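S.K.: What follows is the residue order along each chain.
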Amino acid sequence: MTKFVKSNEAVVMGALYAGCDLYFGYPITPASEIAHGAAKWFPMLGRTFVQAECETASVNMMFGAAGAGKLCMTATSGPGFSLMQEGISYLAGAELPAVIVDINRAGPGLGNVYPEQSDYTPAVKGGGHGNYQTFTLAPASAQEMCDFTIKAFQMAAKWRTPAIVFADGLQGQMMETVELPDAELPRPDFSEWAAQGEPATRRNLVKSIFLDAAAQEVFNEHLQRKYEDMAADAMAETYLAADAELIIVAFGIASRVARTTAETLRRKGLKVGVFRPITLNPFPRERLAAAAKGRKVMTIELDAGQFADDVRLNLAKAGLGAEAANVMMIHRMGGQVVTVDDAVKAAKMILGK
Amino acid sequence: MKTIEQKGMYQKFPRSGKDTRVTHYCAGCGHGIVNKLVAECCAEMGLQDSTIFVDPVGCGVFTYYYWDAAHISAAHGRASAAATGVCRARPDAVTVAYQGDGDLGAIGFNNAFQAASRGEKFGCIFINNSLYGMTGGQMAPTTLEGEKTTTTPFGRDPALTGHPLHVCEVFNQLQAPVYIARVSVADTKRILQCKQAIKRLFEIQRDHKGYALLEILAPCPTNFRMDPLKAAEFCKNEMEAEFPLGTFRDAEKGVTPDAIGAQHQASVALEVKPVPQVASCAELFGVSDGVDAPSAVDDPSVPERRFKFAGYGGQGILSLGICVAEAARLESRHTLWFPSYGPEQRGGSASCSVVVSGTPIGSPTVEHPDVLVCMNQPSYERFVGDVKKGGIVIVDATVPITKQPPEGVKLYQVPAIKMAEDFGVPKAANTMMLAALRAFKCTGLGDDSLETALCASFKKKPQLVEKNRDLLKRAEAALIEKEH
Numbered sequence: 001m002t003k004f005v006k007s008n009e010a011v012v013m014g015a016l017y018a019g020c021d022l023y024f025g026y027p028i029t030p031a032s033e034i035a036h037g038a039a040k041w042f043p044m045l046g047r048t049f050v051q052a053e054c055e056t057a058s059v060n061m062m063f064g065a066a067g068a069g070k071l072c073m074t075a076t077s078g079p080g081f082s083l084m085q086e087g088i089s090y091l092a093g094a095e096l097p098a099v100i101v102d103i104n105r106a107g108p109g110l111g112n113v114y115p116e117q118s119d120y121t122p123a124v125k126g127g128g129h130g131n132y133q134t135f136t137l138a139p140a141s142a143q144e145m146c147d148f149t150i151k152a153f154q155m156a157a158k159w160r161t162p163a164i165v166f167a168d169g170l171q172g173q174m175m176e177t178v179e180l181p182d183a184e185l186p187r188p189d190f191s192e193w194a195a196q197g198e199p200a201t202r203r204n205l206v207k208s209i210f211l212d213a214a215a216q217e218v219f220n221e222h223l224q225r226k227y228e229d230m231a232a233d234a235m236a237e238t239y240l241a242a243d244a245e246l247i248i249v250a251f252g253i254a255s256r257v258a259r260t261t262a263e264t265l266r267r268k269g270l271k272v273g274v275f276r277p278i279t280l281n282p283f284p285r286e287r288l289a290a291a292a293k294g295r296k297v298m299t300i301e302l303d304a305g306q307f308a309d310d311v312r313l314n315l316a317k318a319g320l321g322a323e324a325a326n327v328m329m330i331h332r333m334g335g336q337v338v339t340v341d342d343a344v345k346a347a348k349m350i351l352g353k
Numbered sequence: 001m002k003t004i005e006q007k008g009m010y011q012k013f014p015r016s017g018k019d020t021r022v023t024h025y026c027a028g029c030g031h032g033i034v035n036k037l038v039a040e041c042c043a044e045m046g047l048q049d050s051t052i053f054v055d056p057v058g059c060g061v062f063t064y065y066y067w068d069a070a071h072i073s074a075a076h077g078r079a080s081a082a083a084t085g086v087c088r089a090r091p092d093a094v095t096v097a098y099q100g101d102g103d104l105g106a107i108g109f110n111n112a113f114q115a116a117s118r119g120e121k122f123g124c125i126f127i128n129n130s131l132y133g134m135t136g137g138q139m140a141p142t143t144l145e146g147e148k149t150t151t152t153p154f155g156r157d158p159a160l161t162g163h164p165l166h167v168c169e170v171f172n173q174l175q176a177p178v179y180i181a182r183v184s185v186a187d188t189k190r191i192l193q194c195k196q197a198i199k200r201l202f203e204i205q206r207d208h209k210g211y212a213l214l215e216i217l218a219p220c221p222t223n224f225r226m227d228p229l230k231a232a233e234f235c236k237n238e239m240e241a242e243f244p245l246g247t248f249r250d251a252e253k254g255v256t257p258d259a260i261g262a263q264h265q266a267s268v269a270l271e272v273k274p275v276p277q278v279a280s281c282a283e284l285f286g287v288s289d290g291v292d293a294p295s296a297v298d299d300p301s302v303p304e305r306r307f308k309f310a311g312y313g314g315q316g317i318l319s320l321g322i323c324v325a326e327a328a329r330l331e332s333r334h335t336l337w338f339p340s341y342g343p344e345q346r347g348g349s350a351s352c353s354v355v356v357s358g359t360p361i362g363s364p365t366v367e368h369p370d371v372l373v374c375m376n377q378p379s380y381e382r383f384v385g386d387v388k389k390g391g392i393v394i395v396d397a398t399v400p401i402t403k404q405p406p407e408g409v410k411l412y413q414v415p416a417i418k419m420a421e422d423f424g425v426p427k428a429a430n431t432m433m434l435a436a437l438r439a440f441k442c443t444g445l446g447d448d449s450l451e452t453a454l455c456a457s458f459k460k461k462p463q464l465v466e467k468n469r470d471l472l473k474r475a476e477a478a479l480i481e482k483e484h
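Residue numbers (our numbering), protein chains in the order written: chain E, 1 to 353; chain C, 1 to 484.
In isolation and in its complexed conformation, chain C is listed as follows:
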């Protein structure tokens, strides 16, 4: 038998286990015509090497047996999400997703819509045959009012199932797409128009202009329960009455939708704004983050110390904890820090935990702190009972001591908030607390390390470094004097 070469298609379709030239589409199915047109356009434009098709789940699932180009077979509804991944991964390729009305119109609508809204650089060919073909002729979002399907056996009742979904019209409200059109394959004239539209979609992708949506009205004789000619008539008359053909948008050719045009410029491919570039990870991360700390060194003679810092959000509780951890790093200690997080982070109170040790740290949680620093009453009352025997509590002097610390725990009441106000820097109450930690020798860390860590914590506000260094020293002197 003589084989007829079909441009853009494989010589043989091994889908059924036999080397036939027969597709799986039913006689009169619109998919078969569209498959031929897509293959022709891809081949005629010389794009087979550079095209990546993203195939759907639905009647279009087997296009990979037919189109001679690379294919990725996506999950049901997810071709537009997968195509997003493809076109982002391979910006030089031509990415084309092929989807049906269940795939795009129902389960995957948001993925398709959001991809269009982002202006992803792929073309989406959307076959609208007004129902689900592959699964047995069920209702689709595009099913016409009154149309009988296997899940609307009495005809689609808009009162129960809504009205047909106009995908092009909905997508046409978006700013990013550069091309949106609806065509049909119901007769020869329409098939020729359809081919021009498919070609346009490929051109836009070849030139990487942006997102393109092409909706194609297609007959489904099997599920319409009609012969191919009647199905084509249905497609031409009933479906077109609901879904008018036309180019909704072709930015380059000056076709701009009124609704969009009134509000903003016609969509065109936008230039990506440049962001600061680095050549390598080493360049990105290899710069000092303010504390040039050596790696931790094991020293079993250094006992573990656990700290809890608590107060209101905004009092600098979290950065106070980081400061102590950074100081520990400067002394080659093992250390970790973690915050209270989640809703409580936003609800007023903040706390964080720090562990410093001469050996690798096991459990990170701080159930029994050696040192508790509290800047408000709720956190004092919440944590004071947990402090370890022999431990230290430093609490702001504004906090009433409604609860005594456990026996053997030393309590310091420090006027951190007032001192900071008196120094004219109310935000530095945490620096006052650091001064107290240093003055009362609570951390087991050197004075220099704490000071260096404090200064490093202001790396983004260098003008505050000297101010805080000065405050730290003055506060410490005042606290030591008071203590004696």
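Okay, chain E solo, but in the shape it has when bound:
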């Protein structure tokens, strides 16, 4: 069964198929359709929708629901995402699975409601306090908004971590065809650690406090090992990359601009390909290195260069210092999207054509 739906609605559909039982959220443009869909569909399936009084409340309601052993989610945009950072740190600190969808709008401050990828750092590097990370997926279509929401729940449960679906205002509002999953996922069993109000879970304690510095360090080491292991679930895709002289690296909506740019340049006989990280954390470093080794690299992004810096860091950590040093970037900010024309010009300039 296919549906022609807004990506924001596809998120809710994915969540329901993934077995999400509770939605907590505060409306914000351009993410509100997610709350609208959840408000209608969660109760129809006997699940729970709560309109919270603020994003601080939303994320802490998730802390309670996840701590009680249920899959839950919220969706927001930049300003609300900022408000949630403390709570996401607590989720990570208590190792609770939960899914946060960020439909990035332009900032800083109130900004506007048009697309940016400027929440990159908090969405990918852990935006709150402490040594934590999230599992962060970057969809680029309505289909992926559905599929990656499901994936986010699976990864959140597998790694006991908050997972973030990181998209932007343009994607959120866009309608595309979505093929719905065949079946709903079974609910994971969290009774080993969750406080469920049952005899078997009576002695369970959900907490992020370690009063003793040594114990806190041991816990931090455990978290860091977990994040290293998470790299096994990194995802990426390449397009026209095998013989490319120039690799365009982009994620989310920008990866689609990259795709058209590469196609346009191929028609002109220029060897250009695309590398698209699908998970931004864990970052698919080895696959990037394989695609970029000995090539020129250009990023397309809707931020001030936070992503390009991360590409440089990952190339350098993979031992590709020269490639890292020469990463070029074309970007727009403020709610503007990089045009294919501009990306083509930039790529030609880098290729000296």
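To be clear, the hints were calculated from the coordinates, so they are not data collected in a lab. You may find that some hints are simply not true.
[Claimed, not checked] Pair by pair, the computed Cβ-Cβ distance ranges are:
# : chain 1 : residue 1 : chain 2 : residue 2 : range
1 : E       : Lys40     : C       : Glu481    : 44 to 50 Å
2 : E       : Lys348    : C       : Thr359    : 21 to 27 Å
3 : E       : Gly130    : C       : Asn110    : 22 to 28 Å
4 : C       : Lys273    : E       : Trp193    : 31 to 37 Å
Treat the numbers as computed from the prediction; the structure is a model and nothing was measured. We treat Cβ as the ideally placed atom computed from N, Cα and C, and that holds for glycine.
Assemble the complex: chain E is given as a structure, and chain C must be docked to it using the hints.
M.R.: Below, chain C alone, put in the same frame as chain E:
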């Protein structure tokens, strides 16, 4: 040494790294007494297996070392938000949040207040000791006038810091809570009353009756800088003078606040109104949305076409775009649609973009449309210069051509608004534009697909389907005739 069993508490408290039976509370602290009473009530009522405590940040943070039941340790101020999540996730459990005056009265006030206002089914035990204990005796919203704290070293001056916050009285203005009371643990008589109140709070949660708030006045000898007896006296005399004890509300027992009672019925747990239920996601989403489209099939021979539709809000611009996209889906094409959105959505003008392609679509944005449909002057002037060479502009005949399209772009002036009015259906101007798209072969899509998509767009108003089908055909015939 002989261990004294304490009902509802763990046998040992490993908090300090040693297996002691000593809590972290100071001598004479009200928390210690309340902790014992809560544990007793929970155990005596047989609720340890089903209770989930939500612990605060503050002096109450370590209750999880003491109470033998499940615990969730929340962020500072957020116990009521977390408890909302817990009681919604586990409606059969007994959820009890434990908060102090900084946690509930200051940083988390709105979370607590809104949870109470929603009538969340948890009990909130609120310890009021008139200051911040854990962080070193700073002023709390509940600090008495003139009371010295580490941040009011000259005594709280209401002219600068306001008056003590009366949490019960404020919450008592709400409709949803079923129980609100203030008690004290300053002496034996009060401790016994306090236990009864805690028991009542547990009963209400056991029976899932609704939200309950129990404020407990508690001495803090350390930060009062008094010995335990003097601190208890302070609690009994000074604090009670400001915060009178009593049951403000117990709906089931007929205690209703005057202020509320005058306006509406006493609060009781409300029945949730039923909403339409479905058994599964497949049942919810598996129904056709009007267009039974096959999945897209790659066909590189089909060139990509980019469309822009623009006009005033209310002219059906967005649905015209969706109609073209749906028609493309019927032909197994890749397609996408997106609107202008945000403030401009409400400011008068509306536009949307559609891409149709035989291969997966990369960049979704439409900078150079192949086809531009404009129904008003501002959008014509804004977009006409962007149209691709060889492209088509269809503009309503009411729009003056103040600007010529780029060279090699074909311009059609279509009296869509007038035709719709002449047909007696002024709202169908967008259908007239669809007729023009079909008549002038602008979409690369079959006539049948466009017609089917148009009819499907009226799935919520089936009475308009045949009308619009008819209008589409009549308008198309008229346009073709005019063109020849």
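S.K.: Compare the structure with each hint and give your call.
M.R.: Here is what the structure says about each hint:
| no. | hint | in the structure |
| --- | --- | --- |
| 1 | E:Lys40 <-> C:Glu481: 44 to 50 Å | holds, 46 Å |
| 2 | E:Lys348 <-> C:Thr359: 21 to 27 Å | holds, 23 Å |
| 3 | E:Gly130 <-> C:Asn110: 22 to 28 Å | holds, 25 Å |
| 4 | C:Lys273 <-> E:Trp193: 31 to 37 Å | holds, 35 Å |
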